[in-house]
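Engineer: Each chain is listed here by its residues.
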Amino acid sequence: MTLGTVVIGVGHPYRSDDAVGLAVLGLLADRNPSGLTLIASTGEPTELIEAWDSADMAIIIDALHHPYAEPGRVHHFVVDLAALDEQELPSAASSHGIELGQALALADALDRLPNQLILYAIEVRDVGFGDGLTPPVETAARTVATEISESWQV
Amino acid sequence: LARVEGEGAMHVYIDGDQVTDVQLNIYEPPRFFEALLRGRGHTEPPDITARICGICPVAYQMSACRAIEDACGVTVDGPLADLRRLLYCGEWISSHALHIYLLHAPDFLGYDGAVELARDHRDLVERGLSIKKAGNAIMALIGGRAIHPVNVRVGGFYRAPSRADLATLVEPLRRALDGALATVAWVAGFDFPDFDHDHELLALVEPGRYAIDSGIPTTDRGLQFAVADFEQHILEEQVEHSTALHARLAGRSRYLAGPLARFALSRQWLTPIAAQAADAAGLGSVCRNPFRSIVVRAVELVFALEEALALIDAYEQPAMPAMLVPARAGTGRGATEAPRGVLFHRYQLADDGAIVSARIVPPTSQNQASIEHDLRRFVAARLDMSDDRLTAECEQAIRNYDPCISCATHFLDLTVVRVPR
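Just so you know, the protein sequences line up as chains A and B, in that order. Everything in the first sequence is counted per my numbering, starting at 1 for the first residue and increasing by one. Everything in the second sequence is counted per my numbering, starting at 155 for the first residue and increasing by one.
The set of hints was computed from the structure by calculation and includes no laboratory data. Computed from a predicted model, the values in this text were never measured in an experiment. Cβ atoms here follow ideal geometry from the backbone N, Cα and C, with glycine treated the same way. Mixed in with the good hints, there may be bad ones.
[Claimed, not checked] Quick partial rundown of chain B residues pointing at chain A, CB under 8 Å, derived from the structure:
(1) Arg205
(2) Gly208
(3) Leu257
(4) Leu278
(5) Glu280
(6) Val324
(7) Arg328
(8) Trp340
(9) Met477
All chains, full assembly: derive it from the sequences and hints.
Structural biologist: Here it is, written out as structure tokens:
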């Protein structure tokens, strides 16, 4: 069975702006999208692989955390899965050092990549303990949710 | 994996040929959650605390439920308790399979991580993922979903599965049991450094069966106390270098919780196939080498799969999916065996069920003093290594304890400070 398009929101609900991927999922769920399967994830590589295992297309939304982040700035990538080795993917805000690149490399080794992968990386600064997004990141979440539902909803 | 548990740093201070200090710094989330819970309703902790850890949400849910039910004077037993134990088996299977195959095994085989292992031995990693998937299937069916289960509530579940529902798990679990037995044989053949610890071992003990979801805190040196007395026997102290509290046994010293402790204290109650696997792996009655914890975890994997199959076989759908747990003023405590060791919760409730105070003692912080102690000895024997090599070896050594921070291949900032001469 194919899932068609899965939208995977990565983040932690109690780490402030780190939750932006989950917030986008929540906004999409409110719109009752057809043709999109919504999956929340902690970002652990095997979790991501299972999430996109049966999908033609995976759309991942994650927080991008770096010292010079401009909160709310959105990066949109179409990941070239045929050239994984050469690509520098942005790492997530995860303090584990677990990067999406690692999940992709593992999936590649196991021949379990999705056919297409779209990545929305939203710059964040505040990933301390707390619930709720800061205003610029919340605005970005709405923008991304709108874009996804308008672009990929069946 | 749990983002919140993932921050850590380790500092090793070396003066000439002496290790002057080893500090493992874990930025510990439960303190935040303890504050977040105050004022919330008594039905909320299972869902909120499940978010503390992405790998062991069920452990947090189960300890929270037990503590709140204790405060409200309710005991959940019979089929609902069995269903909880089955759900917990799912988490053990998933967590242990992840740690063994993706985090720990690559260290013994000379790979940087799971990706490199998968490139050379795809079949092995596939086997690990398929075992993990069987555990996830239990969590998805009983918990509502595999990540952060939503079907758990104080008193039981929102919905109890039928026997027919659970029957769908049997074949995948049987296949996973075969895979787990192969896992024990595989990891038992690794080369293990000669390194033993002398920590007191602490685990829950439930005479008659291998403790998971309940039991009496017990050590291998004869100490036993009720869960209600946990905070009298386990003292947590601030240390300067870490936001995590360090735990020790009152009037005693550091201790170690987790698979090695459980195995030492409950080996006699392993299920038959798991007991045979432990014998075949040469584990003996106690294992004190943290590097061999991978073998113990593999044996626990076999146990959890056998136990899950037995629970499914004996399952009768309960008449109601949950017991009523009316709020009342009081304090309750609960402890269960998370994959990484004893996890304790305590809640004080007002008469309307509002949480007055909460306390959470996770296994990783309990083990922190023992990990530092072991690392100090480990580093002392490797001072002639380059800092890069020493960093890699320390990371491997820390992964023995499966702390939540071990979830990434390169999970922590490790600094080696040598005093200039």
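Engineer: Which hints from the list above does the structure break, by number from lowest to highest?
Structural biologist: 3, 4, 6, 7, 8, 9
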